[in-house]
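**Q** Here the protein sequences line up with chains A and B, keeping their order. Here the working numbering is used: the first sequence runs in plain steps of one and ends on residue 111. Here the working numbering is used: the second sequence runs in plain steps of one and ends on residue 113.
Treat each hint with caution, since some may be false.
[As the list claims (entries may be wrong)] 30 Å max Cα-Cα, derived DSSO-like pairs, lysine-lysine:
1. A:Lys-57 - A:Lys-70
2. A:Lys-83 - A:Lys-14
3. A:Lys-57 - A:Lys-14
4. B:Lys-42 - A:Lys-9
5. B:Lys-42 - B:Lys-112
6. A:Lys-70 - A:Lys-9
7. A:Lys-71 - B:Lys-42
8. B:Lys-1 - A:Lys-83
9. A:Lys-57 - B:Lys-42
10. B:Lys-42 - B:Lys-1
11. A:Lys-57 - A:Lys-9
12. A:Lys-14 - B:Lys-42
13. A:Lys-57 - B:Lys-68
14. A:Lys-83 - B:Lys-112
15. B:Lys-42 - A:Lys-70
16. B:Lys-68 - B:Lys-1
17. A:Lys-57 - B:Lys-112
18. A:Lys-83 - A:Lys-57
In case anyone wonders, no lab produced these hints; they're calculated from the structure.
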Amino acid sequence: DGGITQSPKYLFRKEGQNVTLSCEQNLNHDAMYWYRQDPGQGLRLIYYSQIVNDFQKGDIAEGYSVSREKKESFPLTVTSAQKNPTAFYLCASSIGTGWQYFGPGTRLTVT
Amino acid sequence: KQEVTQIPAALSVPEGENLVLNCSFTDSAIYNLQWFRQDPGKGLTSLLLIQSSQREQTSGRLNASLDKSSGRSTLYIAASQPGDSATYLCAVSDNNAGNMLTFGGGTRLMVKP
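Looking at chain A on its own, in the form it has when it is part of the complex (with noise of 0.2 Å):
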């Protein structure tokens, strides 16, 4: 089946720690994307790759780093610089300027 994957589905971290969310996708898509996603509020972008070994910040870039070494990975790592890490985390990629295909996400809770 094709589609997204995102994991672990819940994470726990104490604070201070960095943490890294895995998402790959097996569609063969050139672009991926990372969102967050807070209590009752909509997606903010944190980066997005249009195209391996190469990525751009989004609105909210800042405690966050990612890589794209390959095609089908996109991993996001928290930093412990990032302030305010407990979210809910979206993986998501499209071929192009088309459809945005989402990931099941990952809830993320630093204590």
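Given chain A's structure and the hints, the job is docking chain B onto it.
**A** Only chain B this time, still in chain A's reference frame:
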């Protein structure tokens, strides 16, 4: 900077009603507009995509319209069912921003049996 607003924030209707969800955006220079559905604790499901040159798109009981000049889109749901209960999000892609989406805050819909 593009801003997207959805009204109402929440809506409760009896089963069978036709309903309209509204989305407005401040910068009319958009590339496309997408409507999504989100169930609690889940990812987003794409419903409809309207290119900037189009006026509307239909899928089953859903119809989305776009008036780019006035910065508005509506999502019309015909003959609503309890299974339609979810949060509906609209998002716009700007001409000069690749395919980055700017999202509205969503409308939380409850359809009562």
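**Q** Now, for every hint given, state plainly whether the structure supports it.
**A** Going down the list of hints, with the structure as the test:
Between Lys-57 of chain A and Lys-70 of chain A the alpha-carbon distance is near 18 Å, which keeps this suggested pair within the 30 Å criterion. Between Lys-83 of chain A and Lys-14 of chain A, the direct Cα distance comes to roughly 13 Å. Compliance with the 30 Å bound is thereby established for this hinted pair. Proposed proximity of Lys-57 of chain A and Lys-14 of chain A is supported: the alpha carbons are some 26 Å apart, at most 30 Å. Only pairs whose Cα atoms come within 30 Å are accepted, and Lys-42 of chain B paired with Lys-9 of chain A is accepted, the gap being roughly 10 Å.
Between Lys-42 of chain B and Lys-112 of chain B the alpha-carbon distance is near 21 Å, which keeps this suggested pair within the 30 Å criterion. Distance restraint check for Lys-70 of chain A and Lys-9 of chain A: the Cα-Cα separation of roughly 22 Å lies within the 30 Å cut-off, and the hinted pair is therefore satisfied. About 24 Å separates the Cα atoms of Lys-71 of chain A and Lys-42 of chain B, which keeps this hinted pair within 30 Å; it holds. The suggested pairing of Lys-1 of chain B with Lys-83 of chain A holds, with an alpha-carbon distance near 24 Å, which does not exceed 30 Å.
The suggested pairing of Lys-57 of chain A with Lys-42 of chain B holds, with an alpha-carbon distance near 25 Å, which does not exceed 30 Å. Among the hinted pairs, Lys-42 of chain B with Lys-1 of chain B is consistent with the structure: their alpha-carbon atoms are about 28 Å apart, no more than 30 Å. Simply put, Lys-57 of chain A and Lys-9 of chain A have alpha-carbon atoms about 24 Å apart, close enough for the 30 Å limit, and the pair holds. Among the hinted pairs, Lys-14 of chain A with Lys-42 of chain B is consistent with the structure: their alpha-carbon atoms are about 24 Å apart, no more than 30 Å.
Of the supplied pair hints, the one linking Lys-57 of chain A and Lys-68 of chain B holds, its CA atoms being roughly 27 Å apart against a limit of 30 Å. Restraint check: the Cα-Cα separation between Lys-83 of chain A and Lys-112 of chain B comes to about 40 Å, which exceeds 30 Å; the hinted pair is violated. For the given pair, Lys-42 of chain B sits about 26 Å from Lys-70 of chain A by alpha-carbon distance, which is consistent with the 30 Å threshold. The straight-line distance between the Cα atoms of Lys-68 of chain B and Lys-1 of chain B is roughly 16 Å, inside the 30 Å bound, and the hint therefore holds.
Between the alpha carbons of Lys-57 of chain A and Lys-112 of chain B the distance comes to roughly 42 Å, so the proposed pair goes past 30 Å and is violated. For a cut-off of 30 Å, the pair hint linking Lys-83 of chain A to Lys-57 of chain A stands: about 17 Å separates their Cα positions.
When the structure is compared with the earlier hints, violations turn up for hints 14, 17 and for no others.
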